[in-house]
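*Asks:* Chains as they are written, first to last, in the working numbering: chain A, 1 to 220; chain B, 1001 to 1230.
Hint data in this document are derived by calculation from the structure and do not stem from the laboratory. Since this is a predicted model, take the numbers as computed values, not measurements. Every residue, glycine too, gets a C-beta built ideally from N, C-alpha and C. Be aware that one or more of the hints could be misleading.
[Said to hold, decoys possible] Chain A regions said to be covered by chain B (calculated; three or more residues, Cβ under 8 angstroms):
{"no.": "1", "segment": "70-80"}
{"no.": "2", "segment": "102-109"}
{"no.": "3", "segment": "133-147"}
{"no.": "4", "segment": "196-210"}
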Amino acid sequence: MVSSFPKLLGATVITLKLLSASLFFGLIVGLLFAILRLNKNIFINKFAYGYSYLFRGTPLLVQIFIIYFGLGQIEYLRSTFLWVILKEPYWCAIIAFTLNTGAYTSEILRSAFQTIKPGIIEAGQSLGIPNKIIFYKIQIPIAIRQSLPAYGNEIILMMKGTSLASTVTLMDLTGVAKYIISTTFKPIEVFIVAGGIYLFMTFIIHNFIKYLEKKYSFSQ
Amino acid sequence: MELLAFGKTGWGDELFYATLMTIAVSVTAMLIGFFFALIFTPLKLSKFKSFNLIGNFYTTVIRGVPELLVIYLFFFGGSGAIMYVASIFGYFEYIEINAFITGSLAIGIISGAYSTEVFRGAIQSIDKGQFEAAKVLGINKFTQFYKIILPQMLRLAIPNLSNVWQITLKDTSLISVTGLVEIMRQSYIAAGSTRDPLLFYSIAAVLYLMLTYLSMKIINRLETKYSKGY
Chain A
1 MVSSFPKLLG
11 ATVITLKLLS
21 ASLFFGLIVG
31 LLFAILRLNK
41 NIFINKFAYG
51 YSYLFRGTPL
61 LVQIFIIYFG
71 LGQIEYLRST
81 FLWVILKEPY
91 WCAIIAFTLN
101 TGAYTSEILR
111 SAFQTIKPGI
121 IEAGQSLGIP
131 NKIIFYKIQI
141 PIAIRQSLPA
151 YGNEIILMMK
161 GTSLASTVTL
171 MDLTGVAKYI
181 ISTTFKPIEV
191 FIVAGGIYLF
201 MTFIIHNFIK
211 YLEKKYSFSQ
Chain B
1001 MELLAFGKTG
1011 WGDELFYATL
1021 MTIAVSVTAM
1031 LIGFFFALIF
1041 TPLKLSKFKS
1051 FNLIGNFYTT
1061 VIRGVPELLV
1071 IYLFFFGGSG
1081 AIMYVASIFG
1091 YFEYIEINAF
1101 ITGSLAIGII
1111 SGAYSTEVFR
1121 GAIQSIDKGQ
1131 FEAAKVLGIN
1141 KFTQFYKIIL
1151 PQMLRLAIPN
1161 LSNVWQITLK
1171 DTSLISVTGL
1181 VEIMRQSYIA
1191 AGSTRDPLLF
1201 YSIAAVLYLM
1211 LTYLSMKIIN
1221 RLETKYSKGY
């Protein structure tokens, strides 16, 4: 139990790398698609809806397998520069996680944008603030604050999702845990250590989001 | 297209049975989850601190640890634990438990943690006055729960339970690592033997989309049924 701890801790670094990279790119993708969802053009709107429906309706495992095993099959892709990225399981995992969390994030942000009271935007307009500035300086900050609790859940779900990277040969926390279990046949001990590390991360994320919620709450 | 034909030449019938297996595992896991929720929801709502602690421990640990890790625990630890129990009764042969049972149990425990939270939330959001009114009218605890609390609770719980169902359905893809032949495992086998992973994993995605779409339709109907009178 003690001897497995350093190995698992080392693997935690990969888990954290995967998590932070996919959250960073996922937030950008999510924001982009949330804005597209609010677009009045029906095609753009439907496209963004289709994206989020597709990625929320299928298991993350399928998405990783399609990107890692499936895309490599296309001959054309192998000849382009994309192949440098797509042959690495690390980048495939990040692409899959990004697209997955992006779909959930876009839904969270969309509902946050929709709950902003129209009066706030009207107040901005009547003060003569240009629409672009209203969007960047008023709507986005409010939407981010509104979506903090839901986004906190999404971060925790994504942290758990990174465990699927172990299915495409990446040695993240779950991958190493599985390796130690299958070589030592001590599932319970390893589960306690690895599960403890995951729980600790959940605890930190949970409290960090709580702190942010308090810091940026409307009523002071 | 002939790869997907039914019969000996194609993978159509295999994928069809795999889909049925996914549905069977999801339903079993959901029911096991309800069973766990039935035990842990009262614990979480109990007046006693130590009961609360047990309930909170269950939901926090399961919801904070990746599903895959829980499945590995069951897959590698399951037969060991059963053999240990059997050895107490004097049985020392190797016991291998069925992948279906291990898988449904692992997913069921995960789904149970989410269901527990849903039921807890639903019961807590029922007005305190309802409990008090029932008490004043001299209705016993059992009738109070089945005739007053449960109908109101279900209406609140169904939208969230539908989320739990979707999570459970998607989580079943993870039991493919234990070798149970459901959609994901079947696609893996088919992709391996035909060298056409893109096709088969895309079909897996379509099958999952169909399942989530159909269950959404059914749940929406249930929702309108139970929200009658409001």
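*Asks:* Taking the hints in turn, state whether each one holds.
*Replies:* Now for the hints, and whether the structure bears them out:
1. With 5 residues bearing a CB less than 8 angstroms from a CB of chain B, the segment 70-80 of chain A meets the requirement of three and the coverage assertion stands.
2. Three residues within the 8 angstroms Cβ limit are the bar, and the segment 102-109 of chain A against chain B gives 0, so the coverage statement is violated.
3. Coverage of the segment 133-147 of chain A by chain B is violated in this model, with 0 residues showing a Cβ closer than 8 angstroms to a Cβ of that chain against a need of three.
4. Check on the segment 196-210 of chain A: 4 of its residues sit with their Cβ under 8 angstroms from a Cβ of chain B, so the three-residue criterion for coverage holds.
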